[in-house]
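Visitor: Given chain A, work out where chains B and C should sit, using these hints.
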Amino acid sequence: MEEAFTSLAGGLAVAIQPMNLLFALIGVLLGTAVGVLPGIGPALTVALLLPITFKLDPAGSIIMFAGIYYGGMYGGSTTAILINAPGESASMATALEGNLMAKAGRGGPALATAAIGSFVAGTIATLGLTLLAPYLVDIAVSFGPEDYFALMCVAFVTVSATFGDSPIRGLTSLFIGLMLGLVGIDLLSGQTRLSFGVQALYDGVEVTTLAVGLFAVGEALYVASRRHIQEERLEAIRGSLWMTREDWKRSWKPWLRGTAYGFPIGALPAGGAEIPTFLSYATERRLTKHPEDFGKGAIEGVAGPEAANNAAAAGTLVPLLTLGLPTSATAAMLLAGFQQYNLNPGPLLFAERPEVVWGLIASLFIANGMLLVLNLPLVGLWVRLLAIPQPWLYAGILVFATMGTIAANPSPVELMMLTVFGALGFLMRRFDYPIAPVIVGLILGPIAESQLRRALSISLGDPMTLLQSPISATLLAIALLALVAPFFLKGLGRFRAVED
Amino acid sequence: MAFSSQRRIDVAGLVIALVLLLLAGLVWWDMSSLQILSPYDLGPKVMPIIVSAGLTLLAVGNAVSAFRGDLPARDSLDWKPIVLVLGALACLIALIAFGGGFMIGTALLFAATSTAFGRRAFVTDLGIGAAIAAVIYLLFVKLLTLSLPAGPLERLF
Amino acid sequence: MSQFRRGLWRSALAAAAVAGFVTSAAAQMELKIMAPAAPGGGWDQTARSMQQALTQAGIAKSAQVTNVPGAGGSIGIAQLVNNSKGDGNQLMVMGYVMVGALLTNKSPVTLDQTTPIARLTTEYEAIVVPADSPIKNAKDLAAAIKADPAKVTWAGGSAGGVDHIAAALFAKAAGADPTKINYIPFSGGGEALAAILGGKVTAGISGYGEFESQVKAGKLRLIGLTSAKKTANVDVPSIKEQGIDLEIANWRAVVAPPGISADQKKALTEAMDKMAKSKEWQEILKAKGWEDAYVSGDAFAKILAEEQTRTKEVLTAVGLVKS
Numbered sequence: 001m002e003e004a005f006t007s008l009a010g011g012l013a014v015a016i017q018p019m020n021l022l023f024a025l026i027g028v029l030l031g032t033a034v035g036v037l038p039g040i041g042p043a044l045t046v047a048l049l050l051p052i053t054f055k056l057d058p059a060g061s062i063i064m065f066a067g068i069y070y071g072g073m074y075g076g077s078t079t080a081i082l083i084n085a086p087g088e089s090a091s092m093a094t095a096l097e098g099n100l101m102a103k104a105g106r107g108g109p110a111l112a113t114a115a116i117g118s119f120v121a122g123t124i125a126t127l128g129l130t131l132l133a134p135y136l137v138d139i140a141v142s143f144g145p146e147d148y149f150a151l152m153c154v155a156f157v158t159v160s161a162t163f164g165d166s167p168i169r170g171l172t173s174l175f176i177g178l179m180l181g182l183v184g185i186d187l188l189s190g191q192t193r194l195s196f197g198v199q200a201l202y203d204g205v206e207v208t209t210l211a212v213g214l215f216a217v218g219e220a221l222y223v224a225s226r227r228h229i230q231e232e233r234l235e236a237i238r239g240s241l242w243m244t245r246e247d248w249k250r251s252w253k254p255w256l257r258g259t260a261y262g263f264p265i266g267a268l269p270a271g272g273a274e275i276p277t278f279l280s281y282a283t284e285r286r287l288t289k290h291p292e293d294f295g296k297g298a299i300e301g302v303a304g305p306e307a308a309n310n311a312a313a314a315g316t317l318v319p320l321l322t323l324g325l326p327t328s329a330t331a332a333m334l335l336a337g338f339q340q341y342n343l344n345p346g347p348l349l350f351a352e353r354p355e356v357v358w359g360l361i362a363s364l365f366i367a368n369g370m371l372l373v374l375n376l377p378l379v380g381l382w383v384r385l386l387a388i389p390q391p392w393l394y395a396g397i398l399v400f401a402t403m404g405t406i407a408a409n410p411s412p413v414e415l416m417m418l419t420v421f422g423a424l425g426f427l428m429r430r431f432d433y434p435i436a437p438v439i440v441g442l443i444l445g446p447i448a449e450s451q452l453r454r455a456l457s458i459s460l461g462d463p464m465t466l467l468q469s470p471i472s473a474t475l476l477a478i479a480l481l482a483l484v485a486p487f488f489l490k491g492l493g494r495f496r497a498v499e500d
Numbered sequence: 001m002a003f004s005s006q007r008r009i010d011v012a013g014l015v016i017a018l019v020l021l022l023l024a025g026l027v028w029w030d031m032s033s034l035q036i037l038s039p040y041d042l043g044p045k046v047m048p049i050i051v052s053a054g055l056t057l058l059a060v061g062n063a064v065s066a067f068r069g070d071l072p073a074r075d076s077l078d079w080k081p082i083v084l085v086l087g088a089l090a091c092l093i094a095l096i097a098f099g100g101g102f103m104i105g106t107a108l109l110f111a112a113t114s115t116a117f118g119r120r121a122f123v124t125d126l127g128i129g130a131a132i133a134a135v136i137y138l139l140f141v142k143l144l145t146l147s148l149p150a151g152p153l154e155r156l157f
Numbered sequence: 001m002s003q004f005r006r007g008l009w010r011s012a013l014a015a016a017a018v019a020g021f022v023t024s025a026a027a028q029m030e031l032k033i034m035a036p037a038a039p040g041g042g043w044d045q046t047a048r049s050m051q052q053a054l055t056q057a058g059i060a061k062s063a064q065v066t067n068v069p070g071a072g073g074s075i076g077i078a079q080l081v082n083n084s085k086g087d088g089n090q091l092m093v094m095g096y097v098m099v100g101a102l103l104t105n106k107s108p109v110t111l112d113q114t115t116p117i118a119r120l121t122t123e124y125e126a127i128v129v130p131a132d133s134p135i136k137n138a139k140d141l142a143a144a145i146k147a148d149p150a151k152v153t154w155a156g157g158s159a160g161g162v163d164h165i166a167a168a169l170f171a172k173a174a175g176a177d178p179t180k181i182n183y184i185p186f187s188g189g190g191e192a193l194a195a196i197l198g199g200k201v202t203a204g205i206s207g208y209g210e211f212e213s214q215v216k217a218g219k220l221r222l223i224g225l226t227s228a229k230k231t232a233n234v235d236v237p238s239i240k241e242q243g244i245d246l247e248i249a250n251w252r253a254v255v256a257p258p259g260i261s262a263d264q265k266k267a268l269t270e271a272m273d274k275m276a277k278s279k280e281w282q283e284i285l286k287a288k289g290w291e292d293a294y295v296s297g298d299a300f301a302k303i304l305a306e307e308q309t310r311t312k313e314v315l316t317a318v319g320l321v322k323s
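Residue numbers (the numbering used here), protein chains in the order written: chain A, 1 to 500; chain B, 1 to 157; chain C, 1 to 323.
Looking at chain A on its own, in the form it has when it is part of the complex:
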């Protein structure tokens, strides 16, 4: 363990050389610039900019690489907060409260808590990686399909916090999402569902297309339709541009709790970053001392999910570095970074090339810090984007939304889906159905289905497999408890909240 710290210190010593700091700065700038395009998440940002890093020496290249990655991730959160267009599925939860904060003139604190929360979570998770990786990895690998299914059950129960105040409306939204999740080729049987012979639907509904359509396009339509009643007034800054003492007080616990969700779940080979962000959002909504703020822009709802997102990204390094398992798009990008040196991450990497592993970890650390240094001063600039005259602001949002969609998949069908989802988002707002459960359904539905089917295939159809695994049995018990508990507790009023 002491060895780990010595190695980390060695890595850091390399990373803070002036030239390497410059590379980190350039990386963060480039990454943020490209990452703000909705539909282009951090993984694709790195993919697109990877060639630039080829031209540098190995150390500089991996440092710039880390900078691009963190910049891309922060860029995704920035658009989620400012224009309600999450660049990737993991910043969807951030958009929920973050955009409301931005509209209320609190975009500055929202961006700041996202940046600082990411830094805190990234730092803690990196420490966790340094100390716990060998132990965590055994647990991570022992997670079987039945355990993932149980984890999904917990997630489904908890996300009911995003349902708003009417269970029927919330469930209706969720089932629309589950239905959209059916579209495309069924991974386990190779048959197509709900595609009606349209080949462009065979790959299913892209989460970012749905999210950008429902959130950004839907909202533009809604605001436009109400202009004659209520002129929406956006104030770029109301109150402090920076986080107040109160904001800090309300943020630090969500940061820590978000990290506690993100790191271990991110370390699971099929854990991902979406589930911890949802869990964090739901938790903050339940634990907050300011339930009246949820639905109007609660800082806890930004601080928690952003920390969870970043911690999950660090968590994916556990299976990557110890086993060579790229378990997310992010991890796959890091793998690409390693392959620049003709290195294959795996069980032997820590032993054979410790300097590379620690160099990478140190680089992530530096990039994270650089992001903070760079973006906190920029917060004021970002927020002033909202001061653009409303017609241009929304026109720009729509142009960005369509552009990101075309860049990821230059097909008219994808744009049609964006438009249809935009119209759906408009109608849901008009008839007061919550938006978030649709996306939750699209993300979690297919995972829950395929994990259950895998579990039952392995057990040859015996459902008892769900109870025989201690992890699965525990998680199912938690899910059941979470489902039943609210009926016994009188504090139901606390869960009530409004979402537009």
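What the hints contain is simulated information worked out from the structure, not anything from laboratory work.
Nothing here was measured: the structure is a model prediction, and the numbers come from that model.
Please note that the accuracy of each hint is not assured.
[Said to hold, decoys possible] With a straight-line Cα cutoff of 20 Å, these simulated EDC-like cross-link-like pairs (lysine to aspartate or glutamate) come out: (1) 106(C) <-> 203(A); (2) 322(C) <-> 70(B); (3) 216(C) <-> 165(A); (4) 142(B) <-> 30(C); (5) 151(C) <-> 462(A); (6) 180(C) <-> 462(A); (7) 288(C) <-> 57(A).
Guide: Structure of chains B and C alone, referenced to chain A:
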């Protein structure tokens, strides 16, 4: 949450219930043509059955709410801006589908949206939209080497 | 959800396409390479590597990569066949996976409509078991499958893909009923690998690259590769050498649109021949760990036809394709 004071049947709510029922039927119909191929797999039908059943139940639930009239109140609606924006999106899709490139469509989308939000300078906005589109095009194609749908304007670059 | 995406090299923007006119000087060629997949995947990387090699080696003046993602390449090939007919500057990257995808997706367009140019690379499938598994070699695995195919669970990629086909072919070669195999598709290599390492399944099947570092670390036991003979990078005889008649490879190739003239076909084939021999291409192969499997002209057309026949048989047997 404001509830409408007069409790009468909400037609829009009934339409929503009907749409949900239709979707349930669609999912069910689509499911019926699937096959179970592996003898060990639960099969691709189970999830659609759950979704279809859920949508049916929710259709009933939504219909009950509509009959009771306890849907949230709605403001009057201005359709013009919506038609304008959706129309511009449709133009963009058509232009891309038929080889008109994305720049013209993007410029149109920008100007139409801006008009929908009350600006009266369509031509100026068309110019601004075109400029934004050009910058994005250059960024994507030159720096990121991503191919964007090209039309007559794009070929000038 | 987002997938593993990587790649992208220097930009090269082709001017307006002037179809059907190939000058004798190949260096004047302005090629368009379609990757029928999203940016970052294997086909996209192949297309962009070709772009790099072709322009740097001076074989083509420019090479523009376009991405037409969707349905395992079904959308890309439809566009190639319908919109690029007779275009002597257009190429499309494809691979063995597309052969199966076109069949399972009931694509109205087939590979027979394209003009085969050349096969570029190949990767063999590997079968592995957890290190503590009682199964020691291909014979043991074959015996277990023959005894009870239900009890042998396989982890691999999506249904109908090359992993699934290889598992079905293994069962068939072992004398078991291929329709009875308990094949469990996972999304992405990492997830399947975790299931194998965690001992959740009996065996895993995927490209050897996915398993290599685990095998070397002793966490997985390699049963064998699906090559004809033992390859230099492994210590275990191939599955075929162990007496199970299974040979399959996941290759990548390029095809051209239908209706191009004999001269155009010749020009494209020559360009590929030159590229395959170029220092630039060889360096890319080495850096990416791709195995060179260059075959062009009629020999490749023959391979393509054979693979289509065999794949259709297997997919019909497992029920994914109606005969």
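Visitor: Each hint needs a verdict: does it hold in this structure or not?
Guide: Evaluated hints:
1. 106(C) <-> 203(A): holds (15 Å)
2. 322(C) <-> 70(B): violated (51 Å)
3. 216(C) <-> 165(A): violated (55 Å)
4. 142(B) <-> 30(C): holds (17 Å)
5. 151(C) <-> 462(A): holds (13 Å)
6. 180(C) <-> 462(A): holds (18 Å)
7. 288(C) <-> 57(A): It holds: about 19 Å lies between the C-alpha atoms, which stays within 20 Å.
The structure does not agree with the numbered hints 2 and 3 stated previously, though it agrees with the rest.
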